[in-house]
Structure formats: C-alpha cells, structure tokens
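*Asks:* As a plain string of letters, each chain reads:
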Amino acid sequence: MNLIGAIRLILGLTVTTAVGWLFVKIISLGEKRPFLEEKALGYGLGIAILSLSFIDFWFLGLKPTFIYILLPWIVVFILLIITKRITLFRTQATRYDAEGPITFLEKFLLFGISVEVIHSFFKALVKPIEAFDSVAMYAIRAKVFFEAGGIPADFFKTITKAFPNSGHPPMIPLAEAWIYTIMGGLNDLLVKIIFPLFFVSLIIIFYFALRGFLNRKAALIFTFILATIPQLNHYASIGYADFALTFYFTAGFIYLFKWMRGKIKSDLFISAISLAFACWVKLEGWALFLCCALIFILFIMLEFRKREGFIRLITFLLIVLILASPWLFIVKSAGLENEVYKFESIGANRFISSFTNLDRLPRILYEFQKQFFGPKKWNIVWIIFMALFILNIKTVFRGELKYPTLLLILVIAAYGYSYLLIPLKPGEPINWNVGSTLSRLFIHFTPLAVYWIACVCHKKGYLEN
Amino acid sequence: MRKRIVYSVLAIWIFFWILFFARGLYKGNLRKYRALLSRSAEARISYIIGAEFHSFLKEAMDMMPKDATYRIASERKPIDRYRIIYYLYPRKISNEPDYNIYYKGGQYILRKL
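Chains G and S are the protein sequences, given in the same order.
For the first sequence, counting from 1, position 81 maps to 81 in the working numbering; every step adds exactly one.
For the second sequence, counting from 1, position 76 maps to 1076 in the working numbering; every step adds exactly one.
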C-alpha cells in the first residue's frame, strides 16, 4: 500500500463526505440533525453526487477531473460563507445521549457493533476485488472510466456492451472510478473501502432513526442486531452493488416514514433523493422506489389533507424522476440490455405470460423458506419477524405501523413475482436464478425488517421499564 | 415477563452470533486472513485468482502492447474471462484480433496471430 495513495484516499473520502454533508445542510432548510447522522448521510449522498457528476460531464462532453468535479461545491461553500449562511452548519446537540452512564449491556452492544464494523473493513481491504459481479460488472467499467479520464463518448453505445448486463445502472463503477481519481491510480484493494463505509453509514442512520422513539439501550439492541446479521456484513465487503442499494433504500424509507410522522419537509427531500440514487445503483431500485411511492399514495389517501398531500406527492415523485430518469434515457437511446429480465422485450405480454409461469412457485417458495429459516446467513431475524407478525397480526396493520408492514409485504411480493417475469428457455428450471440471487435481494429490505421489529416492540411496550 | 422474553431472544441472538463468527474463523477464514496479510498487494491477487493464472496474465500484459486486440477462444471458468478482460484492459477484445487466448491442457496459452 502506497502511503501517499492512502493519505489521498483518506483526504478524498473526507472531501466526499463534506460535499454530501454540505448538500444535506442545504436541503435540510435549517433543520438540525445529530452530527454523526449528518456525516453518515453526507457520505452516502456525497459519494453518489460526486460519482454521478461523471454522467453530467459526459452529457456536456467535458473531462471530469478532481478539481472540476469539486468546483461547483467549492463555489457553493464560498457563497454560503459570503452570504453569512454559516449558521446552516450548526448541528443538533446530542440531547439523546443525556441518559446517564453507559451500562454494561450497552458497552457490550457497542463492542459487538465495533467488532462487525472492523471486520467488514478488514474483509474488504485485505483482498482485492474477486467476486464475479464485482469484476465482470463493476471493476471492468470502473477501469474503463479511470483509464479514459471519464466516460468515453462511445461508452454506452459500444464499450459497455462487451461486458455483462449493459443495462445495469453505473453508480458503483462510477464510485470506484471516483476513488481511483482521488488516489491518482488504480488500486483494487483500497477501492473496496466504499462498501464498509456504506455499512457504517447505514448503522449510524439506523441508530438515530430508532432514537426518535426508543431509549438509548433499546436503540443499541436493534442496531446491534442489524450490525451482526452475517449476510449483511458479508455483502458490506465483497464489492457488490447490493449493499449500496440497501443503504439508499433504507434511508429512503426511513426518512419518508419520519416525514409521515413529523411532516418535516427536509425529511421528504432526503427520502426522494436517496430513492433516486437507489435507481442509479441497481434496477431493483426502481421497484423499491415504486413500492415506497405506493405506500406514500396510501398515506395521502388515508391521513393527509388532500390538496397539500397531493402537492407533497408530486414533489416527491418529481425529485425522484428528474434525478433518476436520465439513466432511462441513456438505456433507451443506446439500446442497453439486461440479460436476466431482458427488459428490452418487456411489455404487457410478459406480465400476462408471467401467470403461466406459476409452476415456478414451489421452487420460489422453497428458496424463500430457506432464507427465512437459515440462521447461518440471517441469525434468527426472520424467525423473530415472523413470530412478531403472527402474534401481532392486528396491531401491525393499524396506525402508523401499517406503512412499514405494507411496504415489507409489497417488496417481498414484488421480488417473488420478479422470478415469474424472468424469461427462460423451454424446460429450463428457475432453480439457478432463484438460488443464486434471492439471498442478495433479501439484504435490500433486511434493515427495514429490523426497523419494523423495533417499531412493533416499541408499540407493544416490550422494552418498557 | 415481556422484557424477560426480549432479553432471552437477545441472548439467543448473541449465542448464534458468536457461534457463526467463531465457526467462520475456524473453518478457514483465519487461515486465509493470515495468508493474505503475509503477502504484498500483488501476491494477494496471485493468491486469490491462482498463481498460474496470475503469472499468465502478467506474461500477457508484458507481451501484448496496450493497443493490442485479442480473442478469448476458451476459458477454464466464466469468471476467468472477465478477469482476463479486466487485467488486460486497455487491450481490447476484437473479432479481428492480434492475439488468441485459449485454455488447453490445464493452462492458458497466448498466441500471436
């Protein structure tokens, strides 16, 4: 490991987080959040903003250098200082933690979370990029971007089609290219730092979301549960896009749910922007965004003043569509493909014919139950989830709890249904598709499942003194 | 009563966490981590993808100019194809290649056409 490269990496990641944090402060409209929560959001939004700026430069036909990418943000920062908007940078005092000394249990939980965080960094940085998708779909494209000093003009029309799934959104390879740009060279060990940083950011956002309605000990218990799920830790270190998608989807729904409860505008903006970035990470981001949108529509119909609710809904949808739809334009104009779903041939016929694929259901259900009852990957989180669901079947569909409940049901159903949509050759079984991908898809909604468990425990007073 | 159930479930969770963590280390992760930590960055790549394949890639990178084109006629396993493309880039795959890469007799062979 080159020392200069490592120093550049640390400084570059600091700058990336600072840009994201600046963005969070601007859209927060004066709303203060805890310091760590802002930094965690800052990393997630910052890495997306800076890596997707490669796309802006490609549209404009310009070369994205380190300085050019940062220049707009330097200008914004200077303007904020000149216009004396520096009060924007105040964070919320952490009144949350004025709950007395840390108990032995809390120390143990913090220790456990720290062990998992350190383990994820270690696993990510000890070996180079090696897993199939990491090499074939992301690392190759990232190398092309870095060697060309940006996205080559003919990248989407020709170059990307030499690699699998040309229709796969490009945020992860762009993020890797951004890391190479920061370091000034290729390094397929250090580039994987992106993923454990998403892990840390997710844990922090998750903790502070729970602190909105739980005491410190209870919030730490559920954060510990999330952090110690083996499959989550595994995917936080192998260079797949699934963990990044998990971060943006989790943040997207958590802030949407916060908005539903508190009506703070900036929560809605953060939710919409996170879900837009989810659409740039994987195709599944679009399905997850649609599920959130349906929940939002239901909320407006049931609980909000109609006109104002309609305006909020339109704002939410517009933010996501404006930020995410340039990718759809690129897919359409360059004729990009997805080898699994073959969306270039998707239409009403495919949706109708999916119902003739019901013979796949036994296999799909078998694989689902393998996930639910498999402690090696998930510990007992899904057993807890199902037990709480059955024991509180009426409660979970009442009040505000019905929204995360319905979202999880929608997402699980959507993912199950997606296996009916995959076109196969006659006689080809669905086994390989489901077996090799389902555990990855489960990661996307596992944090929200743990969040749901926390909400149910709170509602039922399981952790009350 | 409910609180006792919650703490019991937490205890079960911690038990499984420690069990699978320790099992993972015992079943090979610890050996792999020790092997990786004792190697340089380049040697780690060799350890991960296989020493023979790694030395073939290095040989190919030395022999082929950066603007060379090649074809992969056959590969040992699908991921090798993409590792070849990744490590050899900016050399590109072409229908009218300068070089042919194929897998035969348990090794990769590079031939200038």
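Honestly, I wouldn't trust all of these hints.
[Claimed, not checked] Calculated lysine-lysine pairs in the DSS-like style (CA-CA distance at most 25 Å, straight line):
1. S/1092 x G/161
2. S/1092 x G/459
3. S/1077 x G/107
4. S/1077 x G/161
5. G/370 x S/1003
6. G/377 x S/1027
These aren't lab readings, by the way, just hints derived from the structure by calculation.
Fair warning: this is a prediction, and the values are worked out from it, not measured in the lab.
*Asks:* When the hints from earlier in the document are held up against this structure, which numbers fail?
*Replies:* 2, 3, 5
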